[in-house]
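Heads up: the protein sequence lines correspond to chains X and G, in order.
Under the numbering used here, the letters of the first sequence match residues 45 to 338, in that order.
Under the numbering used here, the letters of the second sequence match residues 81 to 521, in that order.
Honestly, the hints are just simulated from the structure, not real lab data.
Be aware that a few hints might be false.
[Stated by the list, open to error] To give an idea of the interface, some chain X residues facing chain G are shown, with a C-beta separation under 8 Å as derived from the structure:
hint, residue
1, Thr-144
2, Ser-147
3, Leu-293
4, Thr-296
5, Val-315
6, Gln-325
7, Ile-329
8, Glu-336
Using N, Cα and C, we set each Cβ at its ideal position, and we do this for glycine too.
Each chain, letter by letter, is given below.
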Amino acid sequence: MKHNNSLFIFLLISMSFSLQSVRAQEKTSPGKTIVSLRYYNANNSVQYLVLQSQLKKEGQITPISGKKYDIFLDKSDPANLIAKVTTDKNGKANAFIPPTMKSAWDATSQHIFMVYEGGEEIISDYTISKAKMSIDTSTVDSIHSISASVQKWEDGKWIPAAGVEMKLGIKRLGGVLPAGDEESYTTDSSGNVTAELKKLNMPGDSKGNYILVAQVEDNDLFGNILAEKVVPWGTTLQPDKSFFNKRTLWSTGIQAPFWLLFMAFGIIVSVWSTMIYLIFQIVKIKKNGLQESA
Amino acid sequence: MENSTRIQEQQIIKDLLPQKFGKRGMTWTVILLLICLIGGYAYYRQLRDGLVVTAMRDYVSWGIYISNFVFFVAISLVGSLITAIFRLSNVKWSTPLTRIAEIIAVSAIVMASLIIIVDMGRPERFYNLFLHGRIQSPIMWDVIVIATYFCISILLLYFPLLPDLKILIKNKDKSGPGLNKLYRFQGSFWKGTKEQFRISNKSINILCILIIPVAFSIHTVTSWLFATTYRPGWDSTNFGAYFISGAFLVGAGSVVVAMYIFRRYYHLEKYITELHFEKMGRIVVLLALLYLYFNVNEYLVPAFKMKKPEEAHLVELFTGEFSVMFWFAIMVGMIIPIIILLFKKGRKPLPMFIAGAMIVVGAWFKRYLIVTPTLLHPFLPMQDVPLSYQHYFPSWEEWAIAMGSLAAALLIITFFARVYPIIPIEETIMEQNKQNEKDEA
Numbered sequence: 045m046k047h048n049n050s051l052f053i054f055l056l057i058s059m060s061f062s063l064q065s066v067r068a069q070e071k072t073s074p075g076k077t078i079v080s081l082r083y084y085n086a087n088n089s090v091q092y093l094v095l096q097s098q099l100k101k102e103g104q105i106t107p108i109s110g111k112k113y114d115i116f117l118d119k120s121d122p123a124n125l126i127a128k129v130t131t132d133k134n135g136k137a138n139a140f141i142p143p144t145m146k147s148a149w150d151a152t153s154q155h156i157f158m159v160y161e162g163g164e165e166i167i168s169d170y171t172i173s174k175a176k177m178s179i180d181t182s183t184v185d186s187i188h189s190i191s192a193s194v195q196k197w198e199d200g201k202w203i204p205a206a207g208v209e210m211k212l213g214i215k216r217l218g219g220v221l222p223a224g225d226e227e228s229y230t231t232d233s234s235g236n237v238t239a240e241l242k243k244l245n246m247p248g249d250s251k252g253n254y255i256l257v258a259q260v261e262d263n264d265l266f267g268n269i270l271a272e273k274v275v276p277w278g279t280t281l282q283p284d285k286s287f288f289n290k291r292t293l294w295s296t297g298i299q300a301p302f303w304l305l306f307m308a309f310g311i312i313v314s315v316w317s318t319m320i321y322l323i324f325q326i327v328k329i330k331k332n333g334l335q336e337s338a
Numbered sequence: 081m082e083n084s085t086r087i088q089e090q091q092i093i094k095d096l097l098p099q100k101f102g103k104r105g106m107t108w109t110v111i112l113l114l115i116c117l118i119g120g121y122a123y124y125r126q127l128r129d130g131l132v133v134t135a136m137r138d139y140v141s142w143g144i145y146i147s148n149f150v151f152f153v154a155i156s157l158v159g160s161l162i163t164a165i166f167r168l169s170n171v172k173w174s175t176p177l178t179r180i181a182e183i184i185a186v187s188a189i190v191m192a193s194l195i196i197i198v199d200m201g202r203p204e205r206f207y208n209l210f211l212h213g214r215i216q217s218p219i220m221w222d223v224i225v226i227a228t229y230f231c232i233s234i235l236l237l238y239f240p241l242l243p244d245l246k247i248l249i250k251n252k253d254k255s256g257p258g259l260n261k262l263y264r265f266q267g268s269f270w271k272g273t274k275e276q277f278r279i280s281n282k283s284i285n286i287l288c289i290l291i292i293p294v295a296f297s298i299h300t301v302t303s304w305l306f307a308t309t310y311r312p313g314w315d316s317t318n319f320g321a322y323f324i325s326g327a328f329l330v331g332a333g334s335v336v337v338a339m340y341i342f343r344r345y346y347h348l349e350k351y352i353t354e355l356h357f358e359k360m361g362r363i364v365v366l367l368a369l370l371y372l373y374f375n376v377n378e379y380l381v382p383a384f385k386m387k388k389p390e391e392a393h394l395v396e397l398f399t400g401e402f403s404v405m406f407w408f409a410i411m412v413g414m415i416i417p418i419i420i421l422l423f424k425k426g427r428k429p430l431p432m433f434i435a436g437a438m439i440v441v442g443a444w445f446k447r448y449l450i451v452t453p454t455l456l457h458p459f460l461p462m463q464d465v466p467l468s469y470q471h472y473f474p475s476w477e478e479w480a481i482a483m484g485s486l487a488a489a490l491l492i493i494t495f496f497a498r499v500y501p502i503i504p505i506e507e508t509i510m511e512q513n514k515q516n517e518k519d520e521a
């Protein structure tokens, strides 16, 4: 607010300020590297980690690409190396827990992930407890209900995980659309949540299917867990082809409406033909001048 | 009598021939070049690192560059006002101002074209606009109309320059071999025959008729870039007329500033007289009142209804983040100049210059206020964006490029005034001769 309020003053001294800004920016520190790690368990089948490396400089956060990291499970021994990763252009790198580590993974209910960069420890305490999630549905008197249950691995068996916050909804292009009235739900003592589907007649695919999602995000104990189920509760999506191949304002350039083409090109041709005529007048003036000289 | 007329002609030519830069001229040019160089370096950084060097993010994707573009487009309208409208209305007193107005128009439209390319993240893909352009898009109309307006403005600058080129070639000892070569290339064929004058006058008349609808189009289309977008502050049917009236005002203001500077530093008091300032003052005050009227329309009507999304936008302007700038633009850009110019004493050269400068500065901020606050208030706010995205303050690269473009526009005018007569010599002589004949009669 302060910045914009002082904007007009800024212009009046703009050049000196610009020069100061140049100097100030040249003098700033190299910035701080922020490395974060996230654990994902999708549909109880694939467990993987996402590492993100970012640079915080001059109040801006930018991804660091091409940086190499080693990710370990529990200990920084070579035998416990999950993967050597390199960050992509978004500063991210994925690492799947390999099948060779199954015995180490099954040995305890809780694991620590460690991240090293060139022998230097970056993350040492990212702890995850093993958990799984399932999603189920039921329909009574045409009322659809969705239930999800979270279980954690403790003392060699799966037990209900209470107090876990999750989203329960329908998978849409931009995220998860809450299925019921609440934005999020918390599991009860039996590790369950139930929501009645309030979003009726949502568009599905060509068969009327859509995907229900139960999603735990950045939980301190369990990380990110996701369970999905396809249900035929949606309306059948019939792509609207009524405008396809028609001349409209929102079609491709080649399908512009005739009235617009006539108007636009009519104006362009009339103005530019006049201008060509005027350029021809310069040629005429030139010819007349040359005749006069001769 | 003939002898005295010839002496008068010689005096006019002597007064109006382009003058070499003095110390002040050199300093001015060097400063402008330096600003351009800093802008060039900033643009190099932008090309190297991408638009991330700017402060534009997901919310404000049109920042200071587009504000600057709208400003340049607005200022370019002056060519059609002073040259075309006055000529067609048979207003004779504007003769010394026509070339000043035209060169301001040309320099502004050149910089408008360039600054829009600067706003592109991948300028090397510019050609795709022509290969895959959609005639349905107002952006495409803008590209077409800017190119057209530029060509018309160049022609309108060139035709009246032809008789002056003959005078410049004749006085080659004053210009030097380099410039003389340029003059010969551009106009050695002009012999001043009756036929040449006939063709030239006819062409100028056609151009004057042609430039008015094109100039109106350029401003209307630029306003449509905003008005065809459903957003608070832009969703208005008033926008075309609002932009045109604003453009007339800032264009006239810029001519007043240029008149004062050229008059003072080129000692043109005999040609740009107090009468010119008096008449321009009346025009400027009329245009300022007109623009103020459109502003009242533009803000009062939505403020009366206070629809929720409009409210957030208007509160930001009236009392919020942009309030100081908003009231500065209204007061300095319109109300104070109106007060100054309503009085006869205010229409003297110096007060006029101050009022003109205020109008131009106020107009620049007005364009910023048209573009930025609206972008900060979308109907559907984005989710999960950093807080910093919801504010915009241009980075030093953006400032340097914007200032560089303004300096470049001034540099074009400066170089033009160094190379060509800033007041049409031939037309001034003809007007003088007509006046003499009238006096004799």
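Interface hint status, Ser-147 of chain X versus chain G (Cβ within 8 Å) = Where the cut-off is 8 Å and the nearest Cβ of chain G is about 39 Å from Ser-147 of chain X, the hint is violated.
Going by Cβ atoms only, is Thr-296 of chain X closer than 8 Å to chain G?
-> The hint holds - Thr-296 of chain X has a Cβ within 8 Å of chain G, the shortest such distance being about 7 Å.
Taking the closest Cβ pair, is Glu-336 of chain X under 8 Å from chain G?
-> holds (4 Å)
Interface hint compliance - Thr-144 of chain X to chain G, C-beta minimum distance less than 8 Å | violated (37 Å)
Interface hint status, Val-315 of chain X versus chain G (Cβ within 8 Å) | holds (6 Å)
Given hint Leu-293 of chain X near chain G, where the shortest CB pair must fall under 8 Å = Result: holds, 5 Å to nearest chain G Cβ.
Does the nearest C-beta of chain G fall within a distance shorter than 8 Å of the C-beta of Ile-329 of chain X?
-> With a closest approach of 5 Å, the Ile-329 of chain X hint holds.
For the hint on Gln-325 of chain X, does the least C-beta distance to chain G fall short of 8 Å?
-> holds (5 Å)
Of the numbered hints listed earlier, those contradicted by the structure are 1, 2.
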